[in-house]
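Trainee: These are the residues of each chain, in order.
Protein chains: 4
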Amino acid sequence: MSKLRVAVIGAQGRIGSEAVRAVEAADDMELVAALGRGDSLETLTEKGVQVAVELTHPDSVMENLQFCVTHGIHGVVGTTGWTEDRLARLNSWLDASPRTGVLIAPNFSIGAVLTMVFAQQAARYFESAEVVELHHRGKADAPSGTATRTAQLIAAAREEAGLPRQEDPTTHGLAGARGADVDGVPVHAVRLRGLLAHQEVLFGDTGETLTIRHDSLHHSCFMPGILLGARRVVDTPGLTFGLENFLDLG
Amino acid sequence: MSKLRVAVIGAQGRIGSEAVRAVEAADDMELVAALGRGDSLETLTEKGVQVAVELTHPDSVMENLQFCVTHGIHGVVGTTGWTEDRLARLNSWLDASPRTGVLIAPNFSIGAVLTMVFAQQAARYFESAEVVELHHRGKADAPSGTATRTAQLIAAAREEAGLPRQEDPTTHGLAGARGADVDGVPVHAVRLRGLLAHQEVLFGDTGETLTIRHDSLHHSCFMPGILLGARRVVDTPGLTFGLENFLDLG
Amino acid sequence: MSKLRVAVIGAQGRIGSEAVRAVEAADDMELVAALGRGDSLETLTEKGVQVAVELTHPDSVMENLQFCVTHGIHGVVGTTGWTEDRLARLNSWLDASPRTGVLIAPNFSIGAVLTMVFAQQAARYFESAEVVELHHRGKADAPSGTATRTAQLIAAAREEAGLPRQEDPTTHGLAGARGADVDGVPVHAVRLRGLLAHQEVLFGDTGETLTIRHDSLHHSCFMPGILLGARRVVDTPGLTFGLENFLDLG
Amino acid sequence: MSKLRVAVIGAQGRIGSEAVRAVEAADDMELVAALGRGDSLETLTEKGVQVAVELTHPDSVMENLQFCVTHGIHGVVGTTGWTEDRLARLNSWLDASPRTGVLIAPNFSIGAVLTMVFAQQAARYFESAEVVELHHRGKADAPSGTATRTAQLIAAAREEAGLPRQEDPTTHGLAGARGADVDGVPVHAVRLRGLLAHQEVLFGDTGETLTIRHDSLHHSCFMPGILLGARRVVDTPGLTFGLENFLDLG
Chain A
4 MSKLRVAVIG AQGRIGSEAV RAVEAADDME LVAALGRGDS LETLTEKGVQ VAVELTHPDS
64 VMENLQFCVT HGIHGVVGTT GWTEDRLARL NSWLDASPRT GVLIAPNFSI GAVLTMVFAQ
124 QAARYFESAE VVELHHRGKA DAPSGTATRT AQLIAAAREE AGLPRQEDPT THGLAGARGA
184 DVDGVPVHAV RLRGLLAHQE VLFGDTGETL TIRHDSLHHS CFMPGILLGA RRVVDTPGLT
244 FGLENFLDLG
Chain B
4 MSKLRVAVIG AQGRIGSEAV RAVEAADDME LVAALGRGDS LETLTEKGVQ VAVELTHPDS
64 VMENLQFCVT HGIHGVVGTT GWTEDRLARL NSWLDASPRT GVLIAPNFSI GAVLTMVFAQ
124 QAARYFESAE VVELHHRGKA DAPSGTATRT AQLIAAAREE AGLPRQEDPT THGLAGARGA
184 DVDGVPVHAV RLRGLLAHQE VLFGDTGETL TIRHDSLHHS CFMPGILLGA RRVVDTPGLT
244 FGLENFLDLG
Chain C
4 MSKLRVAVIG AQGRIGSEAV RAVEAADDME LVAALGRGDS LETLTEKGVQ VAVELTHPDS
64 VMENLQFCVT HGIHGVVGTT GWTEDRLARL NSWLDASPRT GVLIAPNFSI GAVLTMVFAQ
124 QAARYFESAE VVELHHRGKA DAPSGTATRT AQLIAAAREE AGLPRQEDPT THGLAGARGA
184 DVDGVPVHAV RLRGLLAHQE VLFGDTGETL TIRHDSLHHS CFMPGILLGA RRVVDTPGLT
244 FGLENFLDLG
Chain D
4 MSKLRVAVIG AQGRIGSEAV RAVEAADDME LVAALGRGDS LETLTEKGVQ VAVELTHPDS
64 VMENLQFCVT HGIHGVVGTT GWTEDRLARL NSWLDASPRT GVLIAPNFSI GAVLTMVFAQ
124 QAARYFESAE VVELHHRGKA DAPSGTATRT AQLIAAAREE AGLPRQEDPT THGLAGARGA
184 DVDGVPVHAV RLRGLLAHQE VLFGDTGETL TIRHDSLHHS CFMPGILLGA RRVVDTPGLT
244 FGLENFLDLG
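Protein chains in written order, with the working numbering: chain A, 4 to 253; chain B, 4 to 253; chain C, 4 to 253; chain D, 4 to 253.
Simulated from the structure, these hints should not be mistaken for laboratory data. These numbers come from a predicted model, not from an experiment. Where is the CB? At the ideal position from N, CA and C, for every residue including glycine. Certain hints may be false.
Stated by the list, open to error - Ranges between beta-carbon positions, derived for each pair:
{"id": "1", "chain 1": "B", "residue 1": "Ala178", "chain 2": "D", "residue 2": "Glu66", "range": "38 to 44 Å"}
{"id": "2", "chain 1": "D", "residue 1": "Ser95", "chain 2": "B", "residue 2": "His175", "range": "30 to 36 Å"}
{"id": "3", "chain 1": "D", "residue 1": "Asp186", "chain 2": "C", "residue 2": "Pro240", "range": "35 to 41 Å"}
{"id": "4", "chain 1": "C", "residue 1": "His222", "chain 2": "B", "residue 2": "His175", "range": "43 to 49 Å"}
{"id": "5", "chain 1": "D", "residue 1": "Gly84", "chain 2": "C", "residue 2": "Glu87", "range": "58 to 64 Å"}
{"id": "6", "chain 1": "A", "residue 1": "Asp251", "chain 2": "D", "residue 2": "Gly141", "range": "25 to 31 Å"}
{"id": "7", "chain 1": "B", "residue 1": "His175", "chain 2": "A", "residue 2": "Thr86", "range": "55 to 61 Å"}
{"id": "8", "chain 1": "D", "residue 1": "Ser43", "chain 2": "A", "residue 2": "Pro109", "range": "51 to 57 Å"}
{"id": "9", "chain 1": "A", "residue 1": "Pro109", "chain 2": "C", "residue 2": "Glu87", "range": "56 to 62 Å"}
To be verified - From the structure, some residues in chain C lie toward chain D, with a derived Cβ separation under 7 Å:
{"id": "10", "residue": "Ser112"}
{"id": "11", "residue": "Ile113"}
{"id": "12", "residue": "Phe121"}
{"id": "13", "residue": "Gln124"}
{"id": "14", "residue": "Asp208"}
{"id": "15", "residue": "Thr209"}
{"id": "16", "residue": "Glu211"}
{"id": "17", "residue": "Thr212"}
{"id": "18", "residue": "Thr214"}
{"id": "19", "residue": "Arg216"}
{"id": "20", "residue": "Ser219"}
{"id": "21", "residue": "His221"}
{"id": "22", "residue": "Ser223"}
{"id": "23", "residue": "Pro227"}
{"id": "24", "residue": "Leu252"}
With the rest of the complex left out, here is chain A:
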């Protein structure tokens, strides 16, 4: 079988340089281009790139994707900053190139994505649900975006299943003890030196608890998801938003 011809755009960044190594190490892929700041996008067509992994910056991602889609190169995109307007422009390019696929994912960690999927599935079956996220001490926001999103998904699944909003049993206590309230789901944020990024989703009902925990120990955790995205995007024309759409959970 011929190998998938892959390029990394943003190859000198922290995640980009991991992606270069990951593509090189994959048996079924060949790294045919690694573009940094100032390198010409023409290289992608000259090298016959099939999939471009885009890991640059909101300032450059649109130009890069316009070039890729126009030339029939599939995209796997980790760059953030997506707005309605940007998505509409991307979709118009894809409409004009109907065999090309683009995957945009806010999180390429398969473990983080599965944690959210499982949390949603479990939510309707437990009386109580809370989220604890734990990160390094350099993190400026609390709770994390992933934890907030997880809590929102849990709240929506509870509502859909007809479960009532959780009532806090606390009648006296210290401010903050019961965490942040995200649509009725308490979210607690721990900050410890030595940690990277971790999340625990806790469910409880009569006599039992279910805990789903994701630990990111190194930022290379995004690589399996990026490789999976590259393998699947070539058979998935149009825009796919979220890695969960490429996971088989049948």
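On the provided structure of chain A, position chains B, C and D as indicated by the hints.
Mentor: Leaving out everything else, chains B, C and D in the frame of chain A:
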């Protein structure tokens, strides 16, 4: 809405007496019969029972179910000892009573069932997978049946996804350190006074791990699953084997 | 060796009835009296009780202890509500009965006490420290008294070791996400149906974390500490406050 | 206050280069020499080094320490391969230089050392004790040396306290399920891609469990212990074996 008319057969056992309390506490159910050893099954028809929760013994379960199915009473069955022959007999009764449903479940803990379902779903996405189960010191078998079953499901999902059998990296060590080998998935059994029944499924790949943990802290953990079974079995004619079939994981 | 002659005062309460069973089951003890409401304290002297386990109520504990100490009966006390004034009165009785010992402990769970001791010992060696406590949904206060006390002990140990007060790195977030602030140590309180009483103390520094976790799965968890107290109090005249004083941590 | 003048010997190794950065980042230390293979030891005296951090190889450590001790330079030693004979030679040099101190530590992770200390302290108070260690898939030995050592310390503490050897309750099961038997303490070894080095010590008794968990997420976890060793060794003449001797656990 009229309440579901429920009976418990085996109402004096440890789980049966929990079930009596759970049905009584459920807003949408009415406990109309609680049968113990020697009580007549006729009570079920006299009281207009819709669902019978069968928590007795392999010696009596067949007689009880024959009566229920023949009289159009749905069954939720926790009694064990099912063989091909027994299932065939039960199916023949159900064939003759095509609107009646019976749910048999080896495990009515929703948390335990979800742990197995999620483990199966996650298995194909991680290079490594192991199972740790932890139980009280009165447990005579190791590993637990649930842990063995979970490991088998993981091994099957890996094989289906084309993942290789896990190789043990250990070249020197003490016998037993790497656990029991269940189809290539190591299973470790901890026995501690103070515990009841707990299981952890661990997955790992580049830079991240995913852990699914189920803790049973009290044997009342089977009640939400029994109630769910009773609610769903009335709309599910025929035989259903395994509570997972009644969980919506869409 | 002759067995220790033990009485339980408050034998009909939830913890008291556990204590009756625990003393009966102990090889080195004999349960010689089990007093309930209205029973005469004279039984204690008539039966030659050496140690009385006092598990009643703040309304009755002073009268019970006055009788015990005056008659040279050692006490192991789980009843709460101790004030400076009450302790002074108890000490005056002990002064008059110099061979008699009384142990008062706010928590007889050895695991909970060790968690606090270890947290104090570890605190000076880690840049970061936080506490997560997890309880059943019937708990009205948050955080738990044990978690608050643990955080205070950590804060005191940090200060003694010259560590700075922890700065929260959060610059934007949701109110409550970072927990309650107890002397600079964040404390997070989770409330889940199915849980009983659990606490996790987390420490972090460069490249590593240390977690000390205590799980109470049943209220019988106080029994080993009560028995230990009874064995040790007979050789420890005067007042001892806190089970940690009877633990050998050399 | 004048800064401690520190050298790193073996400065180009993986741990050595971390140590260089850690000493440079410490407010109370000055890195005055960083020696690699072939560099002259004379630099240590020329630069007025007070403490040498020795992170080389069993082939070179003796020569390096002989030079240091003879010249009154204190040593903090992470190199392994210590035998009775080697320790005797080192002690003879120290006898001739009575103000000089050397710390040798098999493990400079404060979290790992505290885990062992706490495990020893707790062991006598719980009926059951087991160890689970979890490492990356490159690890060739199972269980880890640290886990084996921890289990031996637990077994010794149990014996000293008069606790019986743990009996395995298992009557039928799969080989290996109950782990490796280290002096009656079961030790289980998990190997997952994505992990680095982790250990959990589990204790159980009536109604409760206590868990002490250490997670090494990066090999920089040895740095706080190395810095602590350097600060303390200057006031501790003679040989100290084990970082635990420099921890204040009063």
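Trainee: Each hint: holds or not?
Mentor: Each hint, compared with the structure:
1. B:Ala178 / D:Glu66: 38 to 44 Å: For Glu66 (chain D) against Ala178 (chain B), whose Cβ atoms are near 40 Å apart, the range 38 to 44 Å holds.
2. D:Ser95 / B:His175: 30 to 36 Å: About 34 Å separates the Cβ atoms of Ser95 (chain D) and His175 (chain B), which means 30 to 36 Å holds.
3. D:Asp186 / C:Pro240: 35 to 41 Å: About 38 Å separates the Cβ atoms of Asp186 (chain D) and Pro240 (chain C), which means 35 to 41 Å holds.
4. C:His222 / B:His175: 43 to 49 Å: holds, 46 Å
5. D:Gly84 / C:Glu87: 58 to 64 Å: holds, 59 Å
6. A:Asp251 / D:Gly141: 25 to 31 Å: holds, 29 Å
7. B:His175 / A:Thr86: 55 to 61 Å: At 57 Å between Cβs, range holds.
8. D:Ser43 / A:Pro109: 51 to 57 Å: holds, 55 Å
9. A:Pro109 / C:Glu87: 56 to 62 Å: holds, 57 Å
10. Ser112: holds, 6 Å
11. Ile113: holds, 5 Å
12. Phe121: holds, 5 Å
13. Gln124: holds, 5 Å
14. Asp208: holds, 5 Å
15. Thr209: holds, 5 Å
16. Glu211: Holds - the Cβ of Glu211 (chain C) comes within 7 Å of chain D, reaching about 4 Å at its closest.
17. Thr212: Holds, because the Cβ-Cβ distance from Thr212 (chain C) to chain D comes to roughly 5 Å (cut-off 7 Å).
18. Thr214: holds, 4 Å
19. Arg216: With Cβ-Cβ at 4 Å, under 7 Å, it holds.
20. Ser219: Interface hint status for Ser219 (chain C): holds (5 Å vs cutoff 7 Å).
21. His221: holds, 4 Å
22. Ser223: holds, 4 Å
23. Pro227: Hint on Pro227 (chain C): holds, closest Cβ of chain D at ~5 Å, below 7 Å.
24. Leu252: Constraint on Leu252 (chain C) satisfied, holds at 5 Å.
When each numbered hint is compared with the structure, no violation occurs for any of them.
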